[in-house]
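Number of protein chains: 4
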Amino acid sequence: MAKLGFVGLGVMGSRMVKRLLDAGHEVTGYNRTRSKAEWLVKAGMKWADTPAAAARAGEITLSMVTNTEALKAVTEGPEGILAGLSAGKIYVDMSTVSPAASRQLAAQVATKGARMLDAPVSGSVSTLEEGKLSIMAGGERDAFERARPVLEAIGPKVTYVGGNGLAVTMKIATNLSLATQMLAFSEGVLLAEKSGIARETAVEVLLNSVMASPMIKYRGPFVLNMPGEAWFDVNMMQKDLLLALELGRQLDVPLPTTAVTNEMLTTARGMGLAKQDFAVLFEALARMSGVKK
Amino acid sequence: MAKLGFVGLGVMGSRMVKRLLDAGHEVTGYNRTRSKAEWLVKAGMKWADTPAAAARAGEITLSMVTNTEALKAVTEGPEGILAGLSAGKIYVDMSTVSPAASRQLAAQVATKGARMLDAPVSGSVSTLEEGKLSIMAGGERDAFERARPVLEAIGPKVTYVGGNGLAVTMKIATNLSLATQMLAFSEGVLLAEKSGIARETAVEVLLNSVMASPMIKYRGPFVLNMPGEAWFDVNMMQKDLLLALELGRQLDVPLPTTAVTNEMLTTARGMGLAKQDFAVLFEALARMSGVKK
Amino acid sequence: MAKLGFVGLGVMGSRMVKRLLDAGHEVTGYNRTRSKAEWLVKAGMKWADTPAAAARAGEITLSMVTNTEALKAVTEGPEGILAGLSAGKIYVDMSTVSPAASRQLAAQVATKGARMLDAPVSGSVSTLEEGKLSIMAGGERDAFERARPVLEAIGPKVTYVGGNGLAVTMKIATNLSLATQMLAFSEGVLLAEKSGIARETAVEVLLNSVMASPMIKYRGPFVLNMPGEAWFDVNMMQKDLLLALELGRQLDVPLPTTAVTNEMLTTARGMGLAKQDFAVLFEALARMSGVKK
Amino acid sequence: MAKLGFVGLGVMGSRMVKRLLDAGHEVTGYNRTRSKAEWLVKAGMKWADTPAAAARAGEITLSMVTNTEALKAVTEGPEGILAGLSAGKIYVDMSTVSPAASRQLAAQVATKGARMLDAPVSGSVSTLEEGKLSIMAGGERDAFERARPVLEAIGPKVTYVGGNGLAVTMKIATNLSLATQMLAFSEGVLLAEKSGIARETAVEVLLNSVMASPMIKYRGPFVLNMPGEAWFDVNMMQKDLLLALELGRQLDVPLPTTAVTNEMLTTARGMGLAKQDFAVLFEALARMSGVKK
Chain A
2 MAKLGFVGLG VMGSRMVKRL LDAGHEVTGY NRTRSKAEWL VKAGMKWADT PAAAARAGEI
62 TLSMVTNTEA LKAVTEGPEG ILAGLSAGKI YVDMSTVSPA ASRQLAAQVA TKGARMLDAP
122 VSGSVSTLEE GKLSIMAGGE RDAFERARPV LEAIGPKVTY VGGNGLAVTM KIATNLSLAT
182 QMLAFSEGVL LAEKSGIARE TAVEVLLNSV MASPMIKYRG PFVLNMPGEA WFDVNMMQKD
242 LLLALELGRQ LDVPLPTTAV TNEMLTTARG MGLAKQDFAV LFEALARMSG VKK
Chain E
2 MAKLGFVGLG VMGSRMVKRL LDAGHEVTGY NRTRSKAEWL VKAGMKWADT PAAAARAGEI
62 TLSMVTNTEA LKAVTEGPEG ILAGLSAGKI YVDMSTVSPA ASRQLAAQVA TKGARMLDAP
122 VSGSVSTLEE GKLSIMAGGE RDAFERARPV LEAIGPKVTY VGGNGLAVTM KIATNLSLAT
182 QMLAFSEGVL LAEKSGIARE TAVEVLLNSV MASPMIKYRG PFVLNMPGEA WFDVNMMQKD
242 LLLALELGRQ LDVPLPTTAV TNEMLTTARG MGLAKQDFAV LFEALARMSG VKK
Chain Z
2 MAKLGFVGLG VMGSRMVKRL LDAGHEVTGY NRTRSKAEWL VKAGMKWADT PAAAARAGEI
62 TLSMVTNTEA LKAVTEGPEG ILAGLSAGKI YVDMSTVSPA ASRQLAAQVA TKGARMLDAP
122 VSGSVSTLEE GKLSIMAGGE RDAFERARPV LEAIGPKVTY VGGNGLAVTM KIATNLSLAT
182 QMLAFSEGVL LAEKSGIARE TAVEVLLNSV MASPMIKYRG PFVLNMPGEA WFDVNMMQKD
242 LLLALELGRQ LDVPLPTTAV TNEMLTTARG MGLAKQDFAV LFEALARMSG VKK
Chain X
2 MAKLGFVGLG VMGSRMVKRL LDAGHEVTGY NRTRSKAEWL VKAGMKWADT PAAAARAGEI
62 TLSMVTNTEA LKAVTEGPEG ILAGLSAGKI YVDMSTVSPA ASRQLAAQVA TKGARMLDAP
122 VSGSVSTLEE GKLSIMAGGE RDAFERARPV LEAIGPKVTY VGGNGLAVTM KIATNLSLAT
182 QMLAFSEGVL LAEKSGIARE TAVEVLLNSV MASPMIKYRG PFVLNMPGEA WFDVNMMQKD
242 LLLALELGRQ LDVPLPTTAV TNEMLTTARG MGLAKQDFAV LFEALARMSG VKK
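Here the protein sequences line up with chains A, E, Z and X, keeping their order.
Under the working numbering, the first sequence has 18 at position 17, and the numbering climbs by one with no breaks.
Under the working numbering, the second sequence has 98 at position 97, and the numbering climbs by one with no breaks.
Under the working numbering, the third sequence has 25 at position 24, and the numbering climbs by one with no breaks.
Under the working numbering, the fourth sequence has 2 at position 1, and the numbering climbs by one with no breaks.
You may find that some hints are simply not true.
You can't tell identical chains apart in this list, so a pair holds if it fits in one copy or across any two.
To be verified - Only pairs whose alpha carbons sit at most 27 Å apart, straight line, appear in this in silico DSS-like list of lysine-lysine:
| no. | residue 1 | residue 2 |
| --- | --- | --- |
| 1 | K37 | K218 |
| 2 | K158 | K133 |
| 3 | K240 | K4 |
| 4 | K195 | K158 |
| 5 | K293 | K43 |
| 6 | K293 | K276 |
| 7 | K240 | K195 |
| 8 | K133 | K218 |
| 9 | K43 | K240 |
| 10 | K276 | K47 |
No lab work stands behind these hints: they were computed from the structure.
Produce the entire structure from the sequences given, and follow the hints as far as they go.
Take a look at the structure:
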């Protein structure tokens, strides 16, 4: 079992730590707000007062934050993760940030004699709790091999995709499908509904069909009842699509469905639906079609 | 157990009959080419010389043919299914035809005192053989209740969606998602590949992610090795999308992803790929992106 | 000067006849409602009681009706144009119908020993009155040469494009641009407006720019004040786009902007704007963007 | 007549200076390469050794450079335009840069007690030489009124659109139409050609139709013969579309045709056509359609 540091004990991060503790690892964790982490301390996690302290405690240190800005906040400065890293250590960032930002951080980590992996996840809290989370990893192969058992304790599906930054690239390549799938699903439901089929029935049939991805399985029912709080809102999804569209332009890859879906997310924003889960694409399409709530 | 007629013993139809025989039903079957049905006769199926004969033998008669023209060929004329129907009988067509054509046939069936259901399936041969086929049914509720046990022997997932023609509508609403999912998947794979991730790895990661619908699970690997024979080719898929787009216009439902995907199917045709499985959308996109085979 | 028959004295047709009379031609005209043609009779036009009578009176007979159904009504039957045609005569249809329907009619005309041209126009009533109408012609070359002076009296720009049906094809290829130009114009106006530029100013600048086609010159101001009556409504424009999309599929030509614009016309219909001039695409886009009237 | 400074004597800038000299203005000009400006010196222009010197000489100073980077190079530093500006002077930038960059520069100009206008042009060299150039201007109204006679000597069409940055916004809103118009035109030409109409004929008919904007009039013939050198290449056009798409997202304006056209520009890049005039969109579409050169 390994000595681990962990920075970022939010909804996802805290549950990851729980799984690591359950697997027998020794985890020293840091979070901006300590109160949210009390239950983990009770479950055996050691507390670190700074990201640097967590990194000093761990042979392998993991982080899970919301975006590039948050990542800078926990890595830079005298109390940051970089300050706690030293030769031979491994740092694994599981956040979704731009491939360029991830590569830049990996270069900084290397100057400490440590090595970094980018290891974003595909799936939600419920996927994680069901033990079905999928993790992609990018970085040096042998660094990956050392970190693999730890990632498998979280995952369990772990795939090595290549050098630094390629795992976040792979994450972006995955997420572009999600919004498009939701929009195509919405087109089908609306077509069925306007033909005279009850919306509930249309959703049920589609969820039983070969088009029902795990994402559609849990998000499809949102067209019947939107969740009180967004799991992943329109703005968050559009940030991922913009990363994909930017990459597409750099690499000369046309992205026809992504571009069209992105304009529909803008439509949702224009209609005042930016803060809702991106399943609200159905509502935007329904309004364009003249369907009143 | 029921006395059943069955018309159309192709790849799907023959395997449906096998399941019905296995469930203990008495089946009288007809096919244009008898030789293809010999294995079913050996398995206990009775042979009918005409569609009308099959319909006369069955309390419930089912058909499974490729398109509207083929459906006319087996239903009309002195040897057709209509000629074999009489008061109290039920006729279930499982083919994918236009909602209008299906409704018209249902009206003809009604003049015989019989009742019709449209009951297209979602899934492929492998889905059927694994006993995971999903069936939608449209028509009168009590006719559906009488036919339900038979459909469940094929299915097993059976959903009643409403009046005549609504099940084929639901089928169309399902299929529009499939081509779009395949194209979005292709965008993701190509983006990953041009970023430096091996195509095999990109496919593997996507198949482990929450975007992997059952369709993507079996068709995604085609971007690595296209099948010798198309499961569902570009032309067949485009026929379904055209039915969707036509319906969308009639019902004032904008279908942004469907329209864009349809133009990509046309692109595949322009590139000479019409007869290949619609997974060839990946190849069309790759050529647009300058990727040589 | 030639003896001419003319069938269909609506808004466009009647003004065409006026130009032909002004050019010194002898015109025998027919219209379903005679009262609307009185001013032409006063201007020197002879009246025909049936389309056949008009065709009998003319060496060259022209027709200008709204669609394929109206064309059948004036060409078929004992009182139709076909009944009045005989060897050596020329029949010119200026309506916009499908290429296939036009070719079929040309074949019927040929059985009479006469020859047909399809000669749709590009432009509106105002273009016609300003003497700037553009006419495309399809059919046999020498039949075209005989009819050319007559068409130039209407035009004056006349272009021979090839065999029967190719001129209506060319018309469809022209019209697909119009809706897309209007939508792109709307995107520009809305972007400017939401940036803080007055809508009037944005329209003025665009009308002075290199993007201002003649169509944009007269239709662009509609985004400030929609006309009381549609010049060409959403439904009419969508019919032309559907002819284009159908042709694109038959000939394997991807039509990305046409497909996207078509879905926006459907959106306009969904919002209850079907009967308005297709310049209402701006209004549809503005609603998607959250702009209230 | 006014004392003017002018920075950037490229293809457009030099011809603007010529028009200003012809109108009787006193112009002091600067260019990175002096040799290119000799003909203007012979025509009466005074030479400045630095941008600052040109700005010191002029009551009103104008600049015309290729992009944001070039603009920084001529405005910043001890030899830049900003160094030469002082209270009461006016600075007019005619380049196309991002609205944000333009506003930032205007703020720097204000700290000198001077005022700035952004005044991009719509049109090409030939439009300029024909005396048909259209100029948009953004900034304070009275600064605009002082500069107006000078701009009209270049223009002659000059439109005040509002505060700083709004004229470049308007330029972006104009340019998004151009690429889309070119693509829609290409769809029409290709549809006609595959129907059997000669490409030359299709182009001729479209250039005579109501869809023929000034841009289509000069760029449409490029589908017959691409120019040896691009007037405005795929990369340059895509930069403008990206500015539009970015603005659309910020302001919640869906841009369906712009997004689709942008992916087609990426396709052109994928096919190796990035350095060609953006009329090469036709070639990209033709390849998707299976048309060989």
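Structure-based check of all given hints:
Proximity of K37 and K218 under a CA criterion of 27 Å is satisfied in neither setting, with 30 Å inside one chain copy and 39 Å between copies. Taking the shortest Cα distances, K158 and K133 sit within 27 Å of each other both inside one copy (7 Å) and across copies (25 Å). Taking CA atoms no more than 27 Å apart as the test, K240 paired with K4 passes in neither setting, with 34 Å inside one copy and 49 Å between copies. Proximity of K195 to K158 under the C-alpha cut-off of 27 Å is restricted to the inter-copy arrangement: shortest distance 24 Å between copies versus 41 Å within a copy.
Taking the shortest alpha-carbon separations for K293 and K43, neither the intra-copy value of 50 Å nor the inter-copy value of 54 Å comes in at or below 27 Å. Taking the shortest alpha-carbon separations for K293 and K276, both the intra-copy value of 20 Å and the inter-copy value of 20 Å come in at or below 27 Å. Taking the shortest alpha-carbon separations for K240 and K195, only the inter-copy value of 21 Å comes in at or below 27 Å, while the best intra-copy value is 32 Å. Taking the closest pair of Cα atoms, K133 and K218 come within 27 Å of each other both inside a single copy (14 Å) and across two copies (16 Å).
Proximity of K43 to K240 under the C-alpha cut-off of 27 Å is found in neither arrangement, the shortest distances being 36 Å within a copy and 55 Å between copies. In this assembly of identical chains, the alpha carbons of K276 and K47 never lie at most 27 Å apart, being 35 Å within a copy and 58 Å across copies at closest.
The structure is inconsistent with the numbered hints 1, 3, 5, 9 and 10, although it conforms to all the rest.
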